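Novice: Chains as they are written, first to last, in this note's numbering: chain A, 1 to 337; chain B, 1001 to 1191.
Just so you know, these hints were derived from the structure itself, not from any lab. Keep in mind that this is a model prediction, so the values were computed, not measured. One or more of the hints may lead you astray.
[What the hints assert, rightly or not] Below, in silico cross-link-like pairs of lysine-lysine (BS3-like), each with a Cα-Cα straight-line distance of 30 Å or less: (1) B:Lys1087 to A:Lys58; (2) A:Lys144 to B:Lys1168; (3) B:Lys1171 to A:Lys45; (4) B:Lys1041 to A:Lys68; (5) B:Lys1160 to A:Lys45; (6) A:Lys246 to A:Lys167; (7) A:Lys149 to A:Lys276; (8) A:Lys284 to A:Lys214; (9) B:Lys1168 to A:Lys55; (10) A:Lys38 to A:Lys283; (11) A:Lys58 to B:Lys1056; (12) B:Lys1168 to A:Lys39.
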Amino acid sequence: MNQDQTIDDLLAKYFANETDTHEADIIGEWIGASGDNKKVFEQSKVIFKSVPSLKNQKAVNVDAAWKKLGISKNNITKTVDIQEVEPIVKFNWLNNFLKIAAVLVVLFSLWFVAAKQFVIPQNDVISFKTGNASAEKILPDGTKISLNKNSSITYPATFEGDTREIKLDGEAFFNVHHNVAHPFIIHTQGTDIQVLGTSFNVRAYNTQVQVIVKTGRVRFSKNNKEVILEKGQKGELLANTATIIKSEVEEQKEITQGKKLSFEFEKTSLGEVVEKLNQTFGKKISFSNEKIKNCKLTASFQDEELENIINVIAETFGLKVYTQKDLIILSGEGCGI
Amino acid sequence: MIQTPDLDILLAIRQGNERVFETVFRKYYQSLCNYACGILKDMDDAEEVVQSIFLKFWEQRESIEINVSLKSYLYRAVHNTCLNRLKHLKIQEVHKLYVGNYYEENHDSATEMMDKTDLESRISNALEKLPEQCRLIFKMSRFEELKYQEIADILGLSIKTIENQIGKALKIMRAELADYLPVVLFLLFNQ
Chain A
1 MNQDQTIDDL LAKYFANETD THEADIIGEW IGASGDNKKV FEQSKVIFKS
51 VPSLKNQKAV NVDAAWKKLG ISKNNITKTV DIQEVEPIVK FNWLNNFLKI
101 AAVLVVLFSL WFVAAKQFVI PQNDVISFKT GNASAEKILP DGTKISLNKN
151 SSITYPATFE GDTREIKLDG EAFFNVHHNV AHPFIIHTQG TDIQVLGTSF
201 NVRAYNTQVQ VIVKTGRVRF SKNNKEVILE KGQKGELLAN TATIIKSEVE
251 EQKEITQGKK LSFEFEKTSL GEVVEKLNQT FGKKISFSNE KIKNCKLTAS
301 FQDEELENII NVIAETFGLK VYTQKDLIIL SGEGCGI
Chain B
1001 MIQTPDLDIL LAIRQGNERV FETVFRKYYQ SLCNYACGIL KDMDDAEEVV
1051 QSIFLKFWEQ RESIEINVSL KSYLYRAVHN TCLNRLKHLK IQEVHKLYVG
1101 NYYEENHDSA TEMMDKTDLE SRISNALEKL PEQCRLIFKM SRFEELKYQE
1151 IADILGLSIK TIENQIGKAL KIMRAELADY LPVVLFLLFN Q
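Excised from the complex, chain A in its bound form:
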C-alpha cells in the first residue's frame, strides 16, 4: 500500500474494478485479518452495489435529438427521391441498396472495433497453474484458494449469472466467500462440488476425487448421485465410477494436511520472503530494521511449520525473534545491498 493510500481507497478501487492483482491481494489479506475488517468490507459492498440504483435516469429521445441536430441529410434526399420520375427509380433502388450495404459494412466494422474497445471483456477466462510450489489465489468474489503443487484452476475474470463456477485440476484448499444468492460450484474430474460459503479441501488427481470439509456444508455429486458432506466429513469418489463414499475424518488435523506447503527461495530478499510467508500463514511478520529486508535467502522448505522457517531465517542472518500473538518481529543488523 502506498503511504497516502487508505484501505478505503483500496476497497473503493476493488468495487470499481480498478485494482491490480497486488492490490487485490492486499485486500484479501486485510479482510482475512479480522472479523471487523470483513464487516467493513461487506458494508462497503452494500454501499457500492446500492448506489447505482439511485441513478435518476430519465430516458431521452435519441432519435428526435439526432434529427434536431440536422446533420444527417438523408431525410431530404428521400423526399426528393419520391418526386423523381419512373425510370430513375430503378437506379435509386440500387443506389439505396448500395447505401444500406455501405452502412451495414460501416456499422459492422464499427461494431467490430467498438466491441474490442468499449465492451468490458466479461467472459475472460483466467487459468492459474502451479509448478513445484504451492500458491495462494483470491478469486474476484473474495474466495481464497490455496493451490497445491502441480495443480490448476480456471475461473472467469468476473462471476456473472446465478452461480460462481470454476474448474480444478489437482488439489486445493478452498475458503469460499459467503454468498447465499450465488452458489459456488467446482467442476473437477466429472464431479460437481457445490457450496454456499465454507472451507474444505479437494484432491482431484486422475479420476479419483476426495473432498474433506472443514466448515459448513458441501454437496458433492457425479451424474445423478450426490452426497451431502458436513463439517469433519470426507467424500471420496472411487476412480472411474460414480460411487461416492462418505466417511468421518478421524482427526481435524487431516483436513489441513491437504494444504501442503513448499517454498523455494533463491537469493530472494527477506522482504519478499516475508511477504510470501505472511500471505500463506496469515501472520504479520515484520522487521525492526529496514536493512534486514535486503538479506538474500536461499533455502527450500517442505511442509515446515512457520516457526521452523522463521528459526532457519533467524539462524542464517543472526536475527532475534520476538513473537506476540500473530505478530512476529525479526530484529538484528541486517544486510547491505
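Starting from the known structure of chain A, fit chain B onto it as the hints suggest.
Specialist: Then chain B, alone, in the frame of chain A:
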C-alpha cells in the same frame, strides 16, 4: 492515452462520415444527458447542452484535437459547458436562483422518495452529505460507470486524487450509514 479504435473513429468523423458520427452520438447521448442533468438539474437544459456539443464537434471536426479518449473528451466538454452555464445562471437574477433551488428540492420530492426502498433513501441521504467535489467524482464512478482514468481526464485531476476522493466518499458514507448497515447485512444474509 488515445487508443487506436478511437483514432479510427475520429479519422472517419474528420472525413465527414455521418454514419460514424451518428453511431457515436447514439452511443453516448443518453449517458451524457444524464451526466449534464446531474449538474444542471434539468433534463431539457441538459439535452440542449449535449446537442450543442455534438453540433460544435461536427462543425469543427476538421480542426478538433483530442488527446484523451473520445469518451473522456465528450464528458469533459459537457462538464465544462454545464459549469459555465451554472456560472452564468448565478450572475442572473435571484429569481433564477430560486428556480435552481426549486429544481433541487423537487428532485427528491416526496413521491420520488416513496418509490425508493428504505436502503436507497438512506444511501441517497448519505450521498448528499458528501463534499461537493467528492460527491461528483463518486457519482461519476458509480452512476456513469466511468473508469478512474476517464474521470481524471474529464476533470483534469490526477488519478491519485480520484482514488482518494472515492475512498473518502466510501468512508464518509459508511460512517453515515453505520447504524443502519448491520441491520441490512443481517437481512441480506438471512434471506
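Novice: Which of the numbered hints are not met once you compare them with the structure shown?
Specialist: Of the numbered hints, all hold.
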